[in-house]
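Colleague: Each chain, written out:
Number of protein chains: 2
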Amino acid sequence: MVTVCVDAMGGDESSDVVLEGIHQALVSDPELQVLVAGLPEVVEPFCATHARTQPLVCTQTISMEEHPATAVRTKRDSSIVCSCRAVKDGRAQGFFSAGSTGAIFTAATLEIGRIRTIKRPAIAYAVPGLSGKKTVFLDLGANADARPATLVQFAYMGRAYARNILHVKDPSVALLSNGTEPTKGSEAVIAAHKALVEAGPWFSGNCESSDILAGKVDVVVTDGFTGNVVLKMIEGTVKYLYTQLKGQAAQNIGYAVGLSLAKGALKRIAVDLSGEEQGGAMLLGLKAPVLIGHGSTSVAAIKHGTLACAHAIRSNLASKIASDLVRES
Amino acid sequence: MVTVCVDAMGGDESSDVVLEGIHQALVSDPELQVLVAGLPEVVEPFCATHARTQPLVCTQTISMEEHPATAVRTKRDSSIVCSCRAVKDGRAQGFFSAGSTGAIFTAATLEIGRIRTIKRPAIAYAVPGLSGKKTVFLDLGANADARPATLVQFAYMGRAYARNILHVKDPSVALLSNGTEPTKGSEAVIAAHKALVEAGPWFSGNCESSDILAGKVDVVVTDGFTGNVVLKMIEGTVKYLYTQLKGQAAQNIGYAVGLSLAKGALKRIAVDLSGEEQGGAMLLGLKAPVLIGHGSTSVAAIKHGTLACAHAIRSNLASKIASDLVRES
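Chains as they are written, first to last, in the working numbering: chain A, 1 to 329; chain B, 1 to 329.
It is worth saying that the hints were derived from the structure and are not from the lab. Among the hints, a few may not be true.
To be verified - Here are the simulated SDA-like pairs of lysine to any residue, each with C-alpha atoms no more than 20 Å apart in a straight line:
(1) A:Lys-133 / B:Gln-248
(2) B:Lys-320 / B:Ala-69
(3) B:Lys-216 / B:Pro-201
(4) A:Lys-246 / B:Thr-243
(5) B:Lys-133 / B:Ser-210
(6) B:Lys-133 / A:Tyr-242
(7) B:Lys-267 / A:Thr-243
(8) A:Lys-320 / A:Glu-41
(9) B:Lys-246 / A:Ala-249
What the hints assert, rightly or not - Pairwise CB distance ranges, derived in the manner of DEER restraints:
(10) B:Gln-60 / A:Thr-183: 51 to 61 Å
(11) A:Pro-201 / B:Thr-243: 27 to 37 Å
(12) B:Val-197 / A:Arg-147: 23 to 33 Å
(13) B:Ala-250 / A:Ala-51: 26 to 36 Å
(14) A:Pro-30 / B:Gly-247: 42 to 52 Å
C-beta: ideal position from N, C-alpha, C; glycine also.
One chain only, chain A, in its complex shape (with noise of 0.2 Å):
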């Protein structure tokens, strides 16, 4: 039995969305348990309702927009505060929230900790690629600035997820800069170039933003300013692509029909990119597994996300980083 703490007030939808998932996780497997954090009047009639669920009551919520740090330190009876205290207290082992990124950040950093040796957690996403393959990308946001020795934790990390979670053997590490060449990217870049060729034969060398989708390489490391950059241009171009194919659908007959042919086609790749089956983004570098849900909440992706998050504690991932760390570096 594992117990995960899932933010019923977190996402875009309402929180019948949310208990929906969490119903369908536990439905799913049976050996998990689920703390539901919230408000009395979303999380005590469910819990009554449902076998493995207990309630985490509060009395506050924060909303997308707000700012996380604010946010954090004010309102402490919040969802996202109460649920990391939970982890921290041992009552789960492990969060998902579709709520506010910076919020979930900063308040898993502050109560749940980081790793002894990690000097900054990182967001990570497991992006789709074309072989079937998927590229742990790291980071995507927690850090807009990363020197050249934080990046090799980035590397230490990414590779632990895609060996622990993706069961990849012996994970190979590219550094995103706009060529392949050393010489290439920007003095920071430049550095940490350096520093991975130092840190491990896995070290793969430099790729282009045009190689994360390909499926070629196991991790990708870049600062969380250009990763969150790249990560939002792909949901920028899949967005323009669609709304391109509508709009030329609706002047011309036959591209209408393909369209509507090949809708099944889109919503698949959609469905693939958004993350919704693999439950959204891990923080990484913490004493325990954190998620958090992307792209527009849905039924499916708080039960994927709740399950994922299940998994990453049966599969000891933040003490496998932990480890990895002391014996990589």
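Got chain A sorted already, so can you dock chain B onto it with the hints?
Modeller: Using the frame of chain A, we list chain B on its own:
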């Protein structure tokens, strides 16, 4: 009459494609003269049979794989270096090549030279947006690192491009960041935000990468590292979606019919994004217009690139950038 120098040796395809593109540009624009740069066996027969052309004979070529600075330094009789020298000497008023971006940038900066007050020339591309509106996006790779003062100059140059080539009145400029708040971004981006606020009322604040294809902003500035990574991510995502759609079509007859019907729409979008119809990316900050063909070379791309270069010459873009800088700074 304007004279554009076109590199007959540049591009992925044979020089026949380039020559056919030049031919079509000459047919479409009766006020155009072309100085055709290349090996004698390529350019001399073509010029002998085409009015309004002159050969610019050279003995060397620079390939896509060569190190740009080394190639420009050692191959003084290459088509790229000879073309830039011809612009400097007044034999042509602008240059278009589908060759190596790095080599064109280096040779043009050295031979044609910068506008006096411009510290760092930049590569700009007018990205087609969802609203039908184009967004001038720079720098795309000329300057991996860019100080705040450099980004302010990029803003002036981007505004001049939007005003004179895209005919936008008083263009607004946004700074690419990982969030819209002024506090978001790397240290360099936060400092650039402050400098841009002071630079002028046309600064609309930070934008996110997903805004670029949405067609919401007139000009987006960023350092060349980020710009290059973002541009390649758009290309990578388009390729990903297209390949995934084809893969799914292979498994499902409905999808296959859909995809073949929607193919025209997909091709239309690919042409929009590739810049085939707008000719390519523009070097800004030099004393004469230089255009770099973007995407795989085609007859249409060469034709449009040559015409776009002639248009930039007629718009007096270079001298307008110079006078804007004096007025705005």
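Colleague: For a C-alpha distance cap of 20 Å, please report whether Lys-133 (chain A) and Gln-248 (chain B) respect it.
Modeller: Roughly 16 Å separates the two Cα atoms, so the pair holds.
Colleague: Is the Cα-Cα distance between Lys-216 (chain B) and Pro-201 (chain B) 20 Å or less?
Modeller: 17 Å, holds
Colleague: Tell me if the straight-line CA distance from Lys-246 (chain A) to Thr-243 (chain B) falls inside 20 Å.
Modeller: With Cα atoms ~19 Å apart, Lys-246 (chain A) and Thr-243 (chain B) stay inside 20 Å; holds.
Colleague: Between Gln-60 (chain B) and Thr-183 (chain A), is the Cβ distance one that fits in 51 to 61 Å?
Modeller: 24 Å, violated
Colleague: Under the criterion that the straight-line Cα-Cα distance not exceed 20 Å, is the pair Lys-133 (chain B), Tyr-242 (chain A) satisfied?
Modeller: Answer holds: Lys-133 (chain B) to Tyr-242 (chain A) is near 17 Å, not above 20 Å.
Colleague: Is it true that the CA of Lys-133 (chain B) sits at most 20 Å from the CA of Ser-210 (chain B)?
Modeller: Holds, because 15 Å separates the two Cα atoms, which is no more than 20 Å.
Colleague: Could you check the hint for me, namely that Ala-250 (chain B) and Ala-51 (chain A) are 26 to 36 Å apart, CB to CB?
Modeller: 45 Å, violated
Colleague: Is the straight-line distance between the alpha-carbon of Lys-320 (chain A) and that of Glu-41 (chain A) 20 Å or less?
Modeller: 39 Å, violated
Colleague: Quick one, are Lys-246 (chain B) and Ala-249 (chain A) close enough, alpha carbons at most 20 Å?
Modeller: Within the cut-off at roughly 18 Å; holds.
Colleague: Taking the Cβ atom of Pro-201 (chain A) and the Cβ atom of Thr-243 (chain B), is their distance within the range 27 to 37 Å?
Modeller: 31 Å, holds
Colleague: If I claimed the Cβ atoms of Val-197 (chain B) and Arg-147 (chain A) lie 23 to 33 Å apart, would that claim hold in this structure?
Modeller: Holds, at about 28 Å.
Colleague: Verify the proposed pairing of Lys-267 (chain B) with Thr-243 (chain A), using a straight-line Cα cut of 20 Å.
Modeller: 14 Å, holds
Consistency note: the structure conflicts with the earlier hints numbered 2, 8, 10, 13 and 14.
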